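Colleague: What follows is the residue order along each chain.
Protein chains: 2
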Amino acid sequence: MPYPQVTYKDTVFNGPSLLKRQKTTISQVTVKAQLKQLRDSGRYDCFKLQWHPVYDDKSMWPVPKSLFWDSDIGKWIEGACYLLFESYDAEVDTAVRELVDMIRSAQQEDGYLNVYFTVVEPDARWSNIRDQHELYNAGHLIEGALAHREYYKNDLLMEPILKYVKLIRSVFGPGQSQRHAYPGHPEIELALLRLYHATGEQDAYDLAQYFIEERGNPNGQDGQLYYDWEEKQRGDSPWMRPDPYPVAHAHWYNQAHAPILQQKTIEGHSVRAVYLLIAVADLVVLDETGGKPYRSRDEYLKAAKTLWDNMVDKKMYVTGGVGAISAWEGFGRDYFLPQGTNEGGCYAETCASIAVMMLAERMLHLELDSRYADIMELCLYNAVMTAMSLDGREFTYVNQLASSDEDKSVRHDWFECACCPPNLMRLFGSLGGYLWDYGYRDRVAHVNVHLYTTAKVEFDAGGEKVTLEQETNWPWDGNVSFRLVAPSSVDTVVRLRLPAWSRGEFTLSPPCHDATAERGYLTLPSSYTSKHGSFEVTIHGFEPRHLSPHPYTNQNSLAMARGPIIYCVEDADHPWEENHFRDVVISDQSQVTEEKRTVDGTDEHFVALRTVGWIRDMGVNLILNLVESNTLQGRIVNKAPEFDAET
Amino acid sequence: MPYPQVTYKDTVFNGPSLLKRQKTTISQVTVKAQLKQLRDSGRYDCFKLQWHPVYDDKSMWPVPKSLFWDSDIGKWIEGACYLLFESYDAEVDTAVRELVDMIRSAQQEDGYLNVYFTVVEPDARWSNIRDQHELYNAGHLIEGALAHREYYKNDLLMEPILKYVKLIRSVFGPGQSQRHAYPGHPEIELALLRLYHATGEQDAYDLAQYFIEERGNPNGQDGQLYYDWEEKQRGDSPWMRPDPYPVAHAHWYNQAHAPILQQKTIEGHSVRAVYLLIAVADLVVLDETGGKPYRSRDEYLKAAKTLWDNMVDKKMYVTGGVGAISAWEGFGRDYFLPQGTNEGGCYAETCASIAVMMLAERMLHLELDSRYADIMELCLYNAVMTAMSLDGREFTYVNQLASSDEDKSVRHDWFECACCPPNLMRLFGSLGGYLWDYGYRDRVAHVNVHLYTTAKVEFDAGGEKVTLEQETNWPWDGNVSFRLVAPSSVDTVVRLRLPAWSRGEFTLSPPCHDATAERGYLTLPSSYTSKHGSFEVTIHGFEPRHLSPHPYTNQNSLAMARGPIIYCVEDADHPWEENHFRDVVISDQSQVTEEKRTVDGTDEHFVALRTVGWIRDMGVNLILNLVESNTLQGRIVNKAPEFDAET
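Protein chains in written order, with our numbering: chain U, 1 to 647; chain B, 1 to 647.
Mixed in with the good hints there might be a few duds.
If chains are identical, the list can't say which one is meant, so a pair holds when it fits in one copy or spans any two.
Claimed, not checked - With a straight-line Cα cutoff of 20 Å, these simulated EDC-like cross-link-like pairs (lysine to aspartate or glutamate) come out:
#1 K58 - D236
#2 K9 - E86
#3 K32 - D583
#4 K264 - E406
#5 K20 - D407
#6 K32 - D56
#7 K32 - D460
Keep in mind the hints are simulated off the structure, nothing from the lab. As the structure is a prediction and not an experimental result, all values here were calculated from the model.
Make the full structure from the sequences, and use the hints.
Modeller: Here's what the structure looks like:
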């Protein structure tokens, strides 16, 4: 299975583009800015197992402030290794080596490898699987080790990690003396499946499968749900509960309210929920590509699709943000999608949209359908890229559609719970792997192009190279030029995504009469590609369009989009605005004009939109400038209650 | 201060009317149906202090299922005594006497009088003031004793209650050995102020004042908020919290996040919040009528008005329901008013709207303004009367605007937490006191008429009787005939409410040139009333009207009203409907016709409305019958996205 975290290396971003600019910023600035944050906060040295003042802080329960420091390091190593592959940096290289040394030195005799439960509460290992992130941390260390091995071609990190996995495998499982548990925060499942794919380590596969299958078993441990059982073991009152649990025993917060095969709606903490689904999808994909058989491939596929559909159709913002509810950083009920936290919703965590991209990429392997790739692209441009400032130094955690005085949408240079910034870094580090997937078998090669940008991919086809280049000004216009170089002994099929908003309309030059379009992908057969090494597609649908939310959302709003970009109006561009556009309305009857603009301080162009709005109940005409999200002090605009061209 | 729970005796409902019909049902059916529920559930005998199987149920914390049984008895006694006054019933009379005997026998040597903490947890008295309802129960016993004394003219219940109040007074207060606490569920404050008004018992006044002033003191006990202090005394983990606390230390649930004078928005459990405000208003009213002076009358008045305004302007449904949030049975953020629990809101507890009526009545004494009486009437017809079935045997607790398959709006014959049914009974028992208030001083009498119905009030004016009768078909039309009989030695001023929806328009016959209209009340001077013993007012505004919610609510709905009645469409009247009208829209451009109908099984008339609606996105025309809420399977209808008369 071609994980994007592996195949990214085959892609070069070889021309000016929005993605390349952000990727460059991340590899030149962000990776070091985050390294500085790791050093300043004490995380960098945590594997030295020294005492740190933060360990004295007992104000948080059950998640002390340093509980997931291990994962911050793991994610930074993972991202740094992807970026090193693309452009070497001595400071980053040195830091990775130092960190690996420290991690190696922190491993206990028996393989255990966790800072908090070695330094602070050594007697509490594995005592709170529900809340305390030991397995989550392990998962990110595994992913870090995989990237490290890819780049450094050695096992300095992999070796202790494999030892740790062996230990974990011995602790968890169906055996009588084993814990019948599954992580409160899914992550290790997908990491273990990547590990299995890279190393063939059977323990990794079995453990991931066990975690997925055992999850939500109501009688798993001594006839009880594991989390209830372990709560009693700890002697906790059943009324003790972490802040994100809206009521006692809200096991849906952890997706443990039912086995995954029985879940009909996606619930709880959004990152946990989507990470779990990624692992479910991986299990199905691996089954197709040589993994061990397990209970029921079809059932797991159905579960993944059911929950994907519920998420996308009923619980996703127009930007690809998911997780309306701040209280549990997660999904609300169907169609409950308020625009701002001051209206009761729109948490839309950055990590959650990154996870949606990862899941979409997996789903594309199970079912080539542009509905997955459309969402992947939607998230990328409107919920993930927007989560970082132009200079690469500031980030969002929450991605509201509407700013307010009570909770202004602004970026920060770091967070106490610092999951989002390094997640964004590692996503961009492996972004090449999301653009396309490819394969070769029996003299037939294929490339499925999911995302358009200026880039080149090269892969092996029976000992020879296939190269596909694309060049485009996407996302600002729909024209994409391709150049394919493939050996004549190989039949090469190229599939091009036709986004839903294009309504399947495109122009291909030279034309191809054998081309077929199915489920949002245009297939160019080898008879065509062998004749036309260069071809050009123009995807239609780059006119500005208005988007209305589903009526059940009760959101009386109107969004504007153009191609894959969702626009917003920002306070920064409208100095007259005092209430974050809460009283400004637009109408889909108003004219919209396009305007070429330049990103401040660069020669990068983008397309802004301009329309007329009104202040509600006042009838004052306003010229509104809509831009892709930049300063983040804006909102999706409200819909005019009725349109009156004369007001 | 003329509490409606005292003055109700001066009013006779002397003709056919919607209110009289419901009142009669309550006194003939409901009071006995509830008595049966008390007997069947074990509540009736609870003051015998025997063990009951429910006491073994430890599944609920910190509020065991029987914790407020005392209050159910107190409320039933209170309501029963009001109803006995109006129509004697031997069964009810016998039950009240038996209950009083049992209560007397349950009092402990030192005056303590609480079932749960005598039978089940005798060592835990006063240990959890935040959650465990001892003071709430005491409050309802006080109110029961007040009604009992009024009807029976003896102190059989008042005597033990006064003894209990003395004990409570000794436990709570500013003294060094006293608890600096205040009830988690406000209620006793308003009960104590009624007790003070009725008996002059200074301890009652002082205790109420103390509870109100001390509430939310961040340094009240040993430099801490009392609730934090007592939690530590109990040895509870700070992470133990009851289900309605969305996060640890959510003291706003109990209105203890700040002293009442510093609160700017109404927060938390809605019944608690409004009961507290009633007591605040009482404190201000009593100050005007001979009560003891206290810190600052003006500040308390301002607090009551600030929180009233926040509630009515930003947190109230079109029906007068308050408390959008099911999780804590209380107020959500400003403008957060979803229509159904399946949309994230609309708890709108019956007791909360009853409390709003009680508060409105108090506010009218502080400021004669129809904005209070309008809300009182809105609640009465649309959130309180609707909470009982026509037959008087079934009730709602939650009053959604929109039913759904997940949570159908239906009535039940009883509830485990049975606060609403007896609350409705005692409200109707004392309803006469809400119709009007009156007074006499220095040869000048006045009657302020707040609610129109067919009724008569009689009161003493310097030893002589003043009688005012009104006769009307309200709420179906606006014509009201008055007959005033007053001694010639008394100048009588009559003030008539002009509801906001009438836009102050009325016709008076015979006309009065000296009449003044101010803040929604028309004042008829004694020069007029002395000449015209009979006069007739016709309040305008009985045409059907459409109501749109504030745009910040994001509710794309359109309500229909006529006079004080809010209409809804009900599943029961539309057998074709399968989704509780979620997909049906109406337009304020459509014609609305009126239709006289008869309540099933009676000869009582009402006005139904009829308009045309569409199924959204389908363009199917539908004739919709809108009725005042009856079977409760309907909703306020959605607004048409755009009106097109041709579809």
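Colleague: Determine for every hint whether it applies to the structure shown.
Modeller: Outcome of the hint check:
no.	hint	verdict
1	K58 - D236	both (17 Å within a copy, 16 Å between copies)
2	K9 - E86	within (8 Å within a copy, 88 Å between copies)
3	K32 - D583	neither (41 Å within a copy, 53 Å between copies)
4	K264 - E406	between (35 Å within a copy, 15 Å between copies)
5	K20 - D407	neither (32 Å within a copy, 50 Å between copies)
6	K32 - D56	neither (29 Å within a copy, 62 Å between copies)
7	K32 - D460	neither (34 Å within a copy, 86 Å between copies)
Checked against the numbered hints above, the structure violates hints 3, 5, 6, 7; every other hint is satisfied.
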